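Peer 1: So the chains spell out like this:
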Amino acid sequence: MASPTASPAAPAGEDAASYLDMPPERRAAAKAHAALLSRAADKIARELPISADVDDFRRVLVAETKP
Amino acid sequence: MTDLAALSARALARAIREKKVSSVEATTAAIKRMKDCHELTNCVVTLEADEALAAAKAADAAVAKGSSRGALTGVPLAHKDMFDRKGKVASWGAKIRATEPAAQDSTAIARFKASGALQIAALHLAEFAYGPTGHNYAIGHARNPWDTSRITGGSSAGTAASVAYGAIPVGLGSDTGGSLRLPAACCGIVSIKPTWGRISRAGAMPLSPALDTVGVLARHVEDLALALGVLAGPDARDPAASALPVPDYLSHLDDPVKGLKVGVDEAVIGEASPEVQRMLQDVLAVLEKVGLAKASCRFPDWQTLDHLVQLVQLPDASAAHTAYLRTRPGDYSPQVRSRVEVGHFIGAVDHLTALRARGIYLQRTLDTTFKGADVAILPILADPLPTIAELDVAASPNLQAAMGRVVKFTRPINYLGLPTLALPIPRKGGLPNGIQLVGRPYAEAQLLAIGQAYQREVPPEIAQP
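Going down the list, the protein sequences come from chains A and B.
In this text, residue positions in the first sequence follow this note's numbering: the first is 2, and each later residue adds one.
In this text, residue positions in the second sequence follow this note's numbering: the first is 235, and each later residue adds one.
So here's chain A without its partners, still in its complex pose (with noise of 0.2 angstroms):
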């Protein structure tokens, strides 16, 4: 049996994308970058209704269209 870290679908966290050959240096400027948005989802995520969808930016195009 193969061990989780060697497998291809391993899980995000310290392991992402293990399956990708990225020397350290770059590795750890993606995670830096990731860690940056991820500090502004997290902002955003506190004020998001449970309600809001993915398809809310469809419908406001539609509804904001002025004939």
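Everything labelled a hint here was simulated from the structure, so no lab data went into it.
Heads up, none of these hints are tricks.
Short derived list, chain A residues pointing at chain B, Cβ under 8 angstroms:
{"hint": "1", "residue": "D22"}
{"hint": "2", "residue": "V55"}
{"hint": "3", "residue": "D57"}
{"hint": "4", "residue": "F58"}
{"hint": "5", "residue": "R60"}
Please read all numbers here as calculations on a predicted model, not as lab measurements.
Glycine is no exception: its CB is placed at the ideal position from the N, C-alpha and C atoms.
Using the hints provided, position chain B relative to the given structure of chain A.
Peer 2: Just chain B now, kept in the frame of chain A:
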């Protein structure tokens, strides 16, 4: 003798229809000019002269018989090489390509064909359309026809260069973070990034489906109107393609613009270099001259929008490339590989948060930014036209910051999905640059009317190397 290179597609179509010039003559001239443009700019991926000339002969025969019906019958065009064409393999600007020829045309190509247009070449793009500058380490960098040491902008680099050079009057591009607007600005031409979903993306290479927008670049605003009318509309092959009626954009070109308000967000614009701010003021002066009124406006979430768009785009792009990243990682150039890797480190919940918040941020922008403005003006580039060498950052640690500055005024608009018209600055003998006018959802006709009025004061130019 008519200078065919200077004609709009609309004027050329009329000349062919009225038998003042044949499609074969127009296509022969376009092929010659495209070859010259390629020598200068590296704009061509594949020249298709024989096929184009055969199609031109057929178009002339149809005109002679009186059986031509399309708005672009016999007009030679060329497009970014990322659209499926039956029996062909698009290059995607990359070493990695589809293993089988396309089974059918992309909807955009099919609609241009139905309008009678010909295709003379497949044009340069950033590798996988994932680059805002025209750099391409797989097929060579694109060079600006105004000054070959400068960038063309990307990713629709070849379309912009060949339109600016006068090889073609109009061509297809796409925009996920600025790929229609940046090359238009860099090459001194116009583009329309329509509302997300206005043009079907079926058969167009995906990068970030939540953001990808097919659009056109041209020298004349009237050609944007003509092409948008040809391309827009519902499509069973793209569930995101809007079913809203398509206006007759050409008939609205001369709609009055007097009294329309152009919103100016001084804080956001202030993030551009002083030179670009001066260029934007020059454009504003022209817009006021044609009757628009300046109004203060505010994008309430500008920095947040820049984060949100990345939370959507980066995982989307990583997902699109996940198979190739696993099987052919060595066939990516270092820069694009670095960029498509980043999305793997963004969590699914963060990605979905950005997608779920999109309607709220769009509504807030419409309620705030557009409360007292019909359109909003923004820079496209933050700086004067950069050189190819200045932005040749490959996969250096500076990559995200360098690319982030190039797209800082363009990619937040992709999150909002709003239509955007790119207009060139009055050059005054200098290098090209451009601004963007952002409109309300599906307000393309209004944007194009403003652009038409602007071009009466700042006429289209052909690049003078």
